[in-house]
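*Asks:* Listed below are the residues making up each chain.
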Amino acid sequence: MSLIDTNNAKQIRPPFLISCGIAARPNINLSFSNITGFPIGDTNPSSSLDSEEWPIKAIADLQGDGFPLDGSCSFYASAAGSEDGKIGLMTHIGGTGSLTVSASSEIPALTIYTRGEGTITAGGVSYEARGVNVIPVNSTSISVTFTSTDATARMEVQSIIPGINLSWDNDSIISIELNLRSDLSIENSQWAVSEIEIQAYYADDISEAVSTIADNVPIWYTCGYTGDMSPDRRFYLSEPVTMKDNIITIKGRDASGAFIKTTNAAQILNTTSGSGKYDLYVKLMHFIQDAGITLRSKESAPAKTSGSVERSLIFKANTSDVIIQNIINLSHTGSYWPTFVDAGIPKLTHSKPTSKWDIYEADCGDVRQAAARNVSRIASHDEYGLHSRIVRDNTAQEIVRRHVTADTRYSQNAGGYYWKLSVSNAKDISVTAESIWWTAILNTTSFGVIGYEITTDGEIVEHESTIYQNESVVKGKAASIIKLLSSIIASPKRAGMTMVVDPIAYGQVFTESVLLYPNYNYLFNRSNITGSFIWKGDPRMQPRDVFTFHRLDGTTQTCTIETIRLKHKEGGTQAEITYRLGVC
Amino acid sequence: MRTELDYITINGEQVFRPPTFSPRKEDIYKGDYRTCTGKIIADRVGWKFSDMELSWKALPQNMVDILVNMTGINTLLFDDLDGELRTEQIVRTSMVAMRHRHTQGGVPIWMDVKVSIQFIEAHN
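Residue numbers (numbering that gives the first Met the number 0), protein chains in the order written: chain U, 0 to 583; chain G, 0 to 123.
With the rest of the complex left out, here is chain U (with noise of 0.2 angstroms):
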């Protein structure tokens, strides 16, 4: 049993460990020179005091109270300095160091990690070494002076990069507070994103340095305690970081908050009977990285069958956003539920999830229930209806000649849907239902040729016309749309609400005779009954994660984590979690 689960178990539960961070080190290159008053450092410091992964090397010195014979420290070698391990910079015993760090453009701040006690004096401004400073800068140059405060000591300069790259602690955290979001709604769902908000302190007032971090950069957190600590989750900068009265309030959502952002033309997902489970979970793939997501873990897709008959779907224009919910809302069927939950750890599978968690309900507080209105038709106003089908053209189109030149690019709106569009002397082809891109081989060549003709009066006539060779010629197959239903109705019928909903896509994704996506009847399915409770909080959980309630009067049941509000507030931590009966 891991410890989180361990201790979740216990009334009363030691306090979480918790680390967060900000890596805000824009794409700059620092250099050193000046270097005066280091006897011990590594041949490179360029190369050395900038790289802050490099791993750190002990090395024996008198200096202090000497150096353990266990061999975890090494002798001093001139050559230290490498992604092996690097000594970085070391003043005499007591003594004091500078040098001059500068930068290929103006950076606003630089963060210096030390060992030691003492003092870095830049800008005319001396700071107390902490480990971890910040120094503000504005500038391209800097010299920067470091003075051991120790007598018997030497000050240890381990790393300088630009930029702030800051970290916290229990000790300097004040506040913690992550919004993990999914949206298990039967009507309307809608991609809803996840968003972290750190409050920490620092000692110095660095309010004009973090005022300049850029959108967008990393923010990581992980939290547990020692040997079991939750996967790390990465969010991005999404406000401008403030400082107030030595608290830094940092904001940041999950990557998904991309999807938004990215507009996607017409797109056409052909498909077999065999291959319906496959192409779907890899086109849901696709709309996933194409909005910039890395994938931290993916399930491998699922197997093809031998299945051949022949079916085309066409996502209308639209935002990430819209289409990765749509899919992963309409489209589970059996053991077949393609998901993605992002909440900073960005997960893509296709199978059906089973209970993970145990969550008893004698450990909860303030436990609500409510039921809403049962959904009991679904019904669309669209012109092709709820569902449709596309009809497919075998004959190839003619849609247009090009007159090219190597190694350029070109684009061709087809002027309607087509399940099937290519282009000759091509290549790098990128197509969507509507239109294709394509980069052309040969440069489009023409000679005259002259031909001749007998009228009926016998006479001859010349006529003279230019022949073109290696034109891109663009030909489709063209896609019509058969409205199939406008509505459908739960079976058995209940009463209840009727659903309007405006299809994304036109056409359907079938797994043999199995209806895989657009499946509104699965919303038939899901339950109309959610909740929330206060609990004590777990790091790993997510969204749609599934978990069994263990009910008072002894009942389980299988419910779905829709949110969680974890937070972490004076050491202690505590979550807001609401979830949606059934597996969703």
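Calculated from the structure, these hints are not laboratory results.
Bear in mind that the values here come from a model prediction, so they are computed numbers and not experimental data.
Cβ atoms here follow ideal geometry from the backbone N, Cα and C, with glycine treated the same way.
Some hints could be false.
Here are some chain G residues the structure puts well away from chain U; computed CB gaps all over 10 angstroms [said to hold, decoys possible]:
1. Pro17
2. Pro59
3. Val106
Chain G regions said to be covered by chain U (calculated; three or more residues, Cβ under 8 angstroms) [unchecked claim]:
4. 27–36
5. 39–51
Starting from the known structure of chain U, fit chain G onto it as the hints suggest.
*Replies:* Frame of chain U; chain G shown alone:
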């Protein structure tokens, strides 16, 4: 002969240990809530010494001055009766109350002196 047990030290200066001076340790609970069965669920984030009132039947003027001059964060050094000499940061949370003043052998003595303090450090 007086020993450490007879004094507490505030900001480096000795004051008679109040007769009732017996700092209690209290747990600090956060993230707490009450369940539907009435049970308290919480994280125990550490412990601290309980807020307390220091009171003396009588205190000489020089020691009263130490109390009166307490501002901001102050240091309190005391024997915690577990045999451990502790240094804690405290803030004064009340004005120094003194009922009346006597003079004994030329030394001004204040009677019924009271002051409230809060320990601000938490321990794991």
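*Asks:* Please write out, lowest number first, the hints stated earlier that are contradicted by the structure.
*Replies:* Those not satisfied: there are none.
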